[in-house]
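Protein chains: 2
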Amino acid sequence: MTGFKCFTELVQSLPATVPFVGPEEQERKRGEPFLARLGANESGFGPSPAVIEALAKEAPDIWKYGDSQNFDLRTALADHLGVDYANLMVGEGVDGLLGLAVRMVVSPGTPVVTSLGAYPTFNYHVAGFGGRLVTVPYREDREDLDGLLEAVLREDAPLVYLSNPDNPMGSWWEGGKVLGLADSLPETTMLVLDEAYCEFAPQGALPAIDSLLARPNVIRMRTFSKAYGLAGMRIGYAIGAPETIRTFDKIRNHFGMSRLSLVAAEAALKDQDYLRGVVADVSSARDRIAEIASASGLKALPSATNFVAIDCGRDGPFARAVLDALVYRGVFVRMPGVAPLDRCIRVSAAPAPELDAFARLLPAALDEAATRVG
Amino acid sequence: MTGFKCFTELVQSLPATVPFVGPEEQERKRGEPFLARLGANESGFGPSPAVIEALAKEAPDIWKYGDSQNFDLRTALADHLGVDYANLMVGEGVDGLLGLAVRMVVSPGTPVVTSLGAYPTFNYHVAGFGGRLVTVPYREDREDLDGLLEAVLREDAPLVYLSNPDNPMGSWWEGGKVLGLADSLPETTMLVLDEAYCEFAPQGALPAIDSLLARPNVIRMRTFSKAYGLAGMRIGYAIGAPETIRTFDKIRNHFGMSRLSLVAAEAALKDQDYLRGVVADVSSARDRIAEIASASGLKALPSATNFVAIDCGRDGPFARAVLDALVYRGVFVRMPGVAPLDRCIRVSAAPAPELDAFARLLPAALDEAATRVG
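Protein chains in written order, with the working numbering: chain W, 1 to 374; chain H, 1 to 374.
The hints are all genuine.
Any copy, or any two copies together, can satisfy a pair, since identical chains are not distinguished.
Using 27 Å as the maximum straight-line C-alpha spacing, the simulated BS3-like pairs for lysine-lysine come out as follows:
1) Lys270 to Lys57
2) Lys5 to Lys177
3) Lys29 to Lys270
Source of the hints: derived by calculation from the structure; they are not laboratory data.
A quick note: this is a predicted structure, and the numbers were derived from the prediction, not measured.
Use the sequences and the hints to build the structure in full.
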């Protein structure tokens, strides 16, 4: 026997790709840790001290399975957002929830619309369930709402993905425009609206929380991984119409949430003062990143997120060379995967020492890239 | 719009069932906490103090995503078990890994063999991918190895599930018998061997760790939820041939593990002295549970796990009434779902105060059940 022969045709056809290579893996290859961890849009500002306290308090109880209903967190989120408990589902990060949402709608051959260069993990899930990706180019570094709608109608696609604010460009649409897209979509198309970066968005960039709840064809997703500084705890949540939210119960891993993750999220949610501080720190850090870029003659794109896309002024291979030179020097950054977005590198907001390292090493990285690429 | 119309046919056909109702949910309905938590085969003996220390040490770093390769834990497990890194996959509990294994093999209509009354969460995953469950009755309270093989051959089933030691009966087979089943299976049938309770098993009840590694059609699964006392952290692992293990990479949630869960598992694994203590405590607790049963004229079944199935001496409705009466009195227990296993209630090994509560309340529960059922 040289391999099991009866994996599904679909699974046999899938590559063993990874949506992202993690920084730890890169560090193992480098043989030393990064000086600055600016590639995964984590929050180097860390979680609220109240989270650390809550973890210590809950630690003795980790021998118990977590609550399969995630009742306390869902209740706290419902209060915080002003929605019903039945409008909320909690899951193992937006990544986990995206996998479930895709599974709800996608069979082999199902067309799924997303932007060309948008979140690779969504695409990974679509491929994993045999969907056929239909991509729409960005337009002036924003996801093209009209283009997405057009592709949905053309393909009769039952699923479309939009991130607002956007990753990897940091751009955003006004809430009214997003609502306009939702209004225009056929009832037979599910909109997955990824709002992982919503806490950083300017006033008006998010549809009001109650504006989409009557639509069973919209699922908004948010996370504790970004502004709340809990990426390592894996907590995301979905907001939607009760009948759609209930569908998660058909296929989710009911006891999938770590007990510590649940209490961490509750404590983080309670400490909105801390959150506001982080959002302010991120805003300053974005300005600093723009200054660092500017000092090297590069242009930072406007951002409604906790990262900044820096236009390296040339093409993808050049930006890739800049990234490689930064990584070589100990600065972990990432970049968009496709042209023309890939003229940029993507740098996460972070505390001063990490941005100092970036500022110090960027000029040499640019020189090296220019030499290499010519 | 009264509901989204374009969920897949499969998802539309699924019930919104939950494999298990969690104790927290029961407590919310009761309006008060349980006195004794003996229903989920958790370890009330708790995790090693080294785990609590490791959690406190890692807590400030929870803003970072976990390592998508779970490298450190896989390396530690490889050392501990004497297998290669490539033989191991880490995932969000056995429940999560079971979902992935099912997804690898099951399409709508695929026959899947398991024992009638075995792990409901496996069945839930099979249903979730549209598989057709083929069940084989237990034989003398053990999973029927010959019967499972016969069903596999009859149905040409590409997937069969076996737990050894068994849940919910606590019974077990000698390792040689399990090897015999693996030897007899066609190459086109994947054996998922759930060894969640392996640490409690008597000498000889587990196939040697290297005895199944050459078979791409066997995946063994183990967990940190039981003997290691980390149910709330969600850490399971799969052991198998490298080409089979690699298949998880095609479909898993690569950044799905909590960072704290990874360090908790590493710390737990390192403290084998503590583990041995827990195993001894569990052994004494099993004896105690048997004594409690015996004092009420009931018979405890032999167990190779951290729980004991107590034969209530009559039929399913009677055992259900005993269970209800225990739950009503604040003792959380569970029971098998089908006859003839459902003549039993299932009681987890636990520290003395919880077993004291069980001992105190069982006689009244039995009286009430006798009155009710008549």
